[in-house]
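For reference, the chains in residue letters:
There are 2 protein chains.
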Amino acid sequence: MLGAAPEYPYTIAMTNITSYIAEVGRSARAASRVIGSASSASKSEALKQIARAVDAARDTIKVENAKDMAAAESNGIDQPLIDRLMLDDKGIDQMIEGILQVESLKDPVGEMSDFSYRPTGIQIGKMRVPLGVIAMIYESRPNVTVDAASLSLKSGNACILRGGSEAFHSNQAIAACVVQGIEAAGLPGTIVQLLNTTDRAAVGELLKQDEFIDVIVPRGGKGLIERISAESRIPVIKHLDGICHVYIDDEAEPDMAVAIAFNSKAEKLAVCNALETLLIHRDIAQIVLPQLAAKYQEAGIELRGCARAQELVPMTAASEADWGEEYLGPILAVRIVDGLDQGIEHINQYGSQHTDVIVTENYTKSRAFIAQVDSASVMVNASTQFADGFEYGLGAEVGISTDKIHARGPVGLEGLTSQKYVVFGSGEIRHR
Amino acid sequence: MLGAAPEYPYTIAMTNITSYIAEVGRSARAASRVIGSASSASKSEALKQIARAVDAARDTIKVENAKDMAAAESNGIDQPLIDRLMLDDKGIDQMIEGILQVESLKDPVGEMSDFSYRPTGIQIGKMRVPLGVIAMIYESRPNVTVDAASLSLKSGNACILRGGSEAFHSNQAIAACVVQGIEAAGLPGTIVQLLNTTDRAAVGELLKQDEFIDVIVPRGGKGLIERISAESRIPVIKHLDGICHVYIDDEAEPDMAVAIAFNSKAEKLAVCNALETLLIHRDIAQIVLPQLAAKYQEAGIELRGCARAQELVPMTAASEADWGEEYLGPILAVRIVDGLDQGIEHINQYGSQHTDVIVTENYTKSRAFIAQVDSASVMVNASTQFADGFEYGLGAEVGISTDKIHARGPVGLEGLTSQKYVVFGSGEIRHR
Numbered sequence: 003m004l005g006a007a008p009e010y011p012y013t014i015a016m017t018n019i020t021s022y023i024a025e026v027g028r029s030a031r032a033a034s035r036v037i038g039s040a041s042s043a044s045k046s047e048a049l050k051q052i053a054r055a056v057d058a059a060r061d062t063i064k065v066e067n068a069k070d071m072a073a074a075e076s077n078g079i080d081q082p083l084i085d086r087l088m089l090d091d092k093g094i095d096q097m098i099e100g101i102l103q104v105e106s107l108k109d110p111v112g113e114m115s116d117f118s119y120r121p122t123g124i125q126i127g128k129m130r131v132p133l134g135v136i137a138m139i140y141e142s143r144p145n146v147t148v149d150a151a152s153l154s155l156k157s158g159n160a161c162i163l164r165g166g167s168e169a170f171h172s173n174q175a176i177a178a179c180v181v182q183g184i185e186a187a188g189l190p191g192t193i194v195q196l197l198n199t200t201d202r203a204a205v206g207e208l209l210k211q212d213e214f215i216d217v218i219v220p221r222g223g224k225g226l227i228e229r230i231s232a233e234s235r236i237p238v239i240k241h242l243d244g245i246c247h248v249y250i251d252d253e254a255e256p257d258m259a260v261a262i263a264f265n266s267k268a269e270k271l272a273v274c275n276a277l278e279t280l281l282i283h284r285d286i287a288q289i290v291l292p293q294l295a296a297k298y299q300e301a302g303i304e305l306r307g308c309a310r311a312q313e314l315v316p317m318t319a320a321s322e323a324d325w326g327e328e329y330l331g332p333i334l335a336v337r338i339v340d341g342l343d344q345g346i347e348h349i350n351q352y353g354s355q356h357t358d359v360i361v362t363e364n365y366t367k368s369r370a371f372i373a374q375v376d377s378a379s380v381m382v383n384a385s386t387q388f389a390d391g392f393e394y395g396l397g398a399e400v401g402i403s404t405d406k407i408h409a410r411g412p413v414g415l416e417g418l419t420s421q422k423y424v425v426f427g428s429g430e431i432r433h434r
Numbered sequence: 003m004l005g006a007a008p009e010y011p012y013t014i015a016m017t018n019i020t021s022y023i024a025e026v027g028r029s030a031r032a033a034s035r036v037i038g039s040a041s042s043a044s045k046s047e048a049l050k051q052i053a054r055a056v057d058a059a060r061d062t063i064k065v066e067n068a069k070d071m072a073a074a075e076s077n078g079i080d081q082p083l084i085d086r087l088m089l090d091d092k093g094i095d096q097m098i099e100g101i102l103q104v105e106s107l108k109d110p111v112g113e114m115s116d117f118s119y120r121p122t123g124i125q126i127g128k129m130r131v132p133l134g135v136i137a138m139i140y141e142s143r144p145n146v147t148v149d150a151a152s153l154s155l156k157s158g159n160a161c162i163l164r165g166g167s168e169a170f171h172s173n174q175a176i177a178a179c180v181v182q183g184i185e186a187a188g189l190p191g192t193i194v195q196l197l198n199t200t201d202r203a204a205v206g207e208l209l210k211q212d213e214f215i216d217v218i219v220p221r222g223g224k225g226l227i228e229r230i231s232a233e234s235r236i237p238v239i240k241h242l243d244g245i246c247h248v249y250i251d252d253e254a255e256p257d258m259a260v261a262i263a264f265n266s267k268a269e270k271l272a273v274c275n276a277l278e279t280l281l282i283h284r285d286i287a288q289i290v291l292p293q294l295a296a297k298y299q300e301a302g303i304e305l306r307g308c309a310r311a312q313e314l315v316p317m318t319a320a321s322e323a324d325w326g327e328e329y330l331g332p333i334l335a336v337r338i339v340d341g342l343d344q345g346i347e348h349i350n351q352y353g354s355q356h357t358d359v360i361v362t363e364n365y366t367k368s369r370a371f372i373a374q375v376d377s378a379s380v381m382v383n384a385s386t387q388f389a390d391g392f393e394y395g396l397g398a399e400v401g402i403s404t405d406k407i408h409a410r411g412p413v414g415l416e417g418l419t420s421q422k423y424v425v426f427g428s429g430e431i432r433h434r
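These protein sequences, in sequence, are chains A and B. Residues in the first sequence are numbered consecutively from 3, following our numbering. Residues in the second sequence are numbered consecutively from 3, following our numbering.
Fair warning: there could be bad hints in the mix.
Some chain B residues close to chain A (C-beta under 7 Å, calculated; not the full set) [what the hints assert, rightly or not]:
1) 119
2) 120
3) 270
4) 273
5) 379
Straight-line Cα separation of at most 25 Å, BS3-like style, residue types lysine-lysine; simulated pairs [as the list claims (entries may be wrong)]:
6) B:92 x B:128
7) A:224 x B:92
8) A:422 x B:240
9) A:128 x B:64
10) B:64 x B:108
11) A:69 x A:108
12) B:92 x A:422
13) A:210 x A:92
14) A:422 x B:128
15) B:422 x A:224
16) A:128 x B:92
Keep in mind that the hints were calculated from the coordinates and are not lab data. Glycine included, each C-beta is placed from N, C-alpha and C at the ideal position.
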C-alpha cells in the first residue's frame with residue numbers, strides 16, 4: 003500500500019476525524035470557560051448527580067461491560083488485562099465512592115496564598131486556577147473515565163477522554179452517566195467529552211490541538227506514552243516506568259523490614275508502585291533474606307540475585323538488565339549492598355524516580371535517604387504500595403508523574419491547576 | 003547547496019559541536035548532583051564570591067563589553083538593542099546587587115510542607131527539590147548571564163548558558179567571574195557552563211539532550227522561542243507575547259487611572275510588561291482620555307483608537323490587527339468598552355495572558371476581574387510595569403512564563419524547583 007494514493011473513503015474518514023477532533027477541542031475550550039468560573043456548589047452538585055446517574059445505570063454499565071469482556075476473551079487478551087477491564091457491582095461501588103470522595107475535597111480553584119507587601123506598597127500573592135482543557139489518553143481500565151472526569155470537573159477544567167478500544171462500550175456507558183449528571187446540575191455536558199471513535203488517527207489529531215488543549219495526560223503502556231511524548235505539541239504529564247526499591251538498612255527492625263519488603267512486592271504485582279528491586283545491607287541480609295525468600299516463594303515470586311544474595315539463598319543470578327527491569331509480575335531482583343551510600347547510588351542509577359523506600363531506625367540515615375534519593379515519592383518505613391492518589395488523600399489520581407516539571411508523583415486536583423499572580427495596589431506606579 | 007555532500011571541514015565542525023554539547027550536558031548532570039545536595043552555607047558563599055569576582059573584574063568586563071558594543075555598532079544594530087547590550091559601572095553595580103539579593107533569599111531546597119497523617123497511619127507531605135539541569139538560551143542583555151547563574155545555583159541546579167552572539171565577549175567575561183566565584187567556594191565550576199560557541203547548531207544540539215537537561219528556558223524574540231518550542235524534546239518554560247491591558251472602570255478614581263495608564267506604557271516601552279492596549283469604560287472616557295492623550299502625546303506615544311475613542315480625541319483608527327499587537331514601542335491601542343464584561347472579554351480574546359490591570363474602586367468588580375481574567379499576573383490599581391521577578395520579591399527572574407504548566411508569570415527560585423512526596427511511616431503496609 004505504501005506510496006499508493008489513498009482511496010476516496012479513506013480520505014473522507016481522515017477529513018472527518020480531523021474536523022471531529024477540532025470540533026471537540028473547540029467545544030472543550032468553550033466549556034472550560036464555564037466550568038472554570040463555576041461555583042463550588044454547582045461543581046459539587048454535578049459530582050453528586052454523576053454518582054447518582056452511575057448508581058442508577060448499574061445494569062446498563064454491566065451489560066455494556068459484558069460486551070467488552072466477551073470481545074476481549076474472543077480476542078485472546080491476557081487474563082490480567084481482562085481482570086482490569088471487568089466492572090462488577092463492587093467495581094461500580096468503588097467508582098461511586100471515588101466520585102463522592104472527590105466531591106468532598108476542598109475546591110482548589112480560587113485558593114489564594116502567600117500575600118505579602120513589597121517595599122513599593124503593592125501586595126502580591128498567588129491564586130490557584132484551572133489549567134483549562136485536559137486530554138486523557140488511556141488504555142484498559144474503565145474506572146479511569148470516572149476518575150479523570152471527576153478530578154477535571156472539581157478542578158475547574160474541561161476534559162477530553164480517549165479510552166482504549168477494549169473498553170469502548172464500558173466507557174461510553176460511564177461517560178453517558180457523567181454527561182447526564184453534569185447536565186442535571188445545569189452545566190454544559192461538553193465539560194466532559196469522551197471520543198466516540200477508537201480510530202488511532204484521533205490520538206494524532208488530539209496531539210495537534212495546542213490551541214484548545216492545555217495538557218495531555220497519557221496512561222497506559224510504555225509504547226503509548228513514548229509515542230505521545232514524541233508527537234505531542236502540547237505539554238505532557240507522563241508516567242514511564244515504576245522501578246521501585248526498598249532498601250533494608252542494617253539498623254532496620256527486622257520484622258518491619260520483612261513485612262514492608264513483602265507487602266511492597268506481593269500485595270499487588272502488576273502495578274507501577276510494586277517493588278522491583280530489593281536492596282539489603284550486607285550486615286542484616288542473613289537475618290532478613292532467608293525469611294523473605296520463604297515468604298516470596300510461598301507467594302510464587304521468583305528471586306534473581308547478585309552473587310552475595312545467591313550465597314545466602316539459592317536463586318537465579320541477576321544480570322545487569324535485571325536492575326533496570328520493571329517486571330510488573332512475580333519476579334524480584336535482590337542485591338546485597340555495602341551500605342546506605344551504595345544503596346542510594348543504585349537507586350539513582352537504575353531507578354525510574356518513582357517510589358523508593360528505606361527501612362531503618364537510624365535518624366541520620368533516614369534524612370540522608372530522603373534528601374538524596376531523587377524520586378517522586380521517598381518513604382521511610384512504609385510500603386511502596388502506598389504511592390497513589392487515594393492513599394495520599396488526593397481523592398483519586400489522573401496518573402502518577404515521573405516527570406519533574408509541573409507535577410511529580412500522584413497527580414490529583416492540584417496537578418490539574420496552576421497559580422497566577424495577583425497584585426493588590428492602591429495606585430502604585432513604578433519608577434525605574 | 004541542497005543535496006550536495008557536506009564538505010569535510012563542515013562535517014568535522016558538526017561532529018565537534020555534537021560531542022562538545024554532549025560533554026557539556028554530561029558535566030552539567032554530574033555537577034547537578036553536587037550542587038543539588040550542597041549546603042545553604044556553601045551556596046551562599048559561592049554567591050558572595052561571585053559578587054566579589056564581578057566587582058574585581060569591572061575593568062575586564064567593560065573592556066570586553068566595549069568589543070561587543072563596537073561590533074554591534076559596526077553591524078548597524080538598532081539603538082534599543084545596543085542600549086540593552088551596554089554594561090557601565092551602574093549596570094555592573096546592578097548585577098552585583100542582584101547576586102547579593104539572590105544570596106539573601108531563603109534556600110528553597112529541602113523546604114518541607116503540608117505534612118499530615120492519613121487514616122492508614124502514614125504521614126505524607128512534600129519536599130522542595132531542584133529540577134536538575136537548566137539550559138538558558140538568550141539574546142542580547144549580558145546581565146541575564148549573572149541572573150540565570152545566581153538563581154540556578156541558589157535553587158540547587160546546574161545550568162548551561164547560551165548567550166547571544168552580539169554579547170559574546172561580555173558574557174564570557176561575566177561567566178569567568180561566575181566560575182571563579184563558584185570554585186573559590188570549593189564547588190565545581192561546571193555548575194555554571196557558558197557555551198564557548200555562537201554556532202547556531204549548538205542550540206539544536208542542546209534541545210536533544212533530554213538525558214542531561216531537565217528544562218529549557220529561552221529568552222528572546224518570538225522567532226527564537228517558537229523555534230525552540232517546536233524543536234525541543236525537553237520541557238520548555240517560555241514567554242511569548244506581552245500584550246498587556248489596563249481597564250479603566252467607570253468607578254475608577256480618575257487621577258489614579260491616569261497615573262497607572264500612563265506609567266504602564268511610558269515608564270519603559272520596549273519591555274514585555276508595558277501596556278499595549280488601553281480599555282476605558284464609556285462613562286469615564288471623556289474624563290480620563292483627553293488628559294491621557296495629552297500626556298502620551300508629550301511622551302511621543304501615538305494612539306490608535308476605536309471609533310468612540312476617535313470621537314473624543316483625534317487619533318489614527320485602530321484596525322483589528324492592532325488589538326493583537328505587541329508594539330514594544332511608542333504606539334498604544336485604545337478602545338472604549340461598554341463595561342467590565344466587555345473589557346474582560348476583550349482581554350481574554352486578544353491578550354497574551356501576561357499582565358492585565360483593572361483600575362476601580364468597586365469591590366465586586368475587582369473580584370470579578372481577578373477571577374475571570376486568565377493571565378499570569380492580574381492586578382488591581384497598580385502599574386503593569388511591576389510584573390517582574392525583582393518587584394515581586396523573587397530576587398531576580400530567569401524569565402516571565404506565559405505558559406500555564408509548571409510556572410506562570412515571573413520565574414524565580416520556586417520555578418526552578420519541583421516538589422517530591424515524602425512519606426514517614428512506622429512499618430505500615432497496605433491492604434488492598
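For each hint, the structure was consulted:
1. 119: Cβ of residue 119 (chain B) sits 10 Å from chain A, so the hint is violated.
2. 120: holds, 6 Å
3. 270: holds, 6 Å
4. 273: Residue 273 (chain B) check fails; min Cβ-Cβ to chain A is 9 Å, beyond 7 Å.
5. 379: holds, 4 Å
6. B:92 x B:128: With a Cα-Cα distance of about 41 Å, the restraint between residue 92 (chain B) and residue 128 (chain B) is violated, given a limit of 25 Å.
7. A:224 x B:92: It is violated: about 54 Å lies between the C-alpha atoms, which goes past 25 Å.
8. A:422 x B:240: Within the cut-off at roughly 15 Å; holds.
9. A:128 x B:64: Violated, because 40 Å separates the two Cα atoms, which is more than 25 Å.
10. B:64 x B:108: Not satisfied, since the Cα-Cα distance of roughly 32 Å exceeds 25 Å.
11. A:69 x A:108: The hint is violated at about 38 Å.
12. B:92 x A:422: Violated, because 33 Å separates the two Cα atoms, which is more than 25 Å.
13. A:210 x A:92: violated, 38 Å
14. A:422 x B:128: holds, 21 Å
15. B:422 x A:224: Holds, because 22 Å separates the two Cα atoms, which is no more than 25 Å.
16. A:128 x B:92: violated, 33 Å
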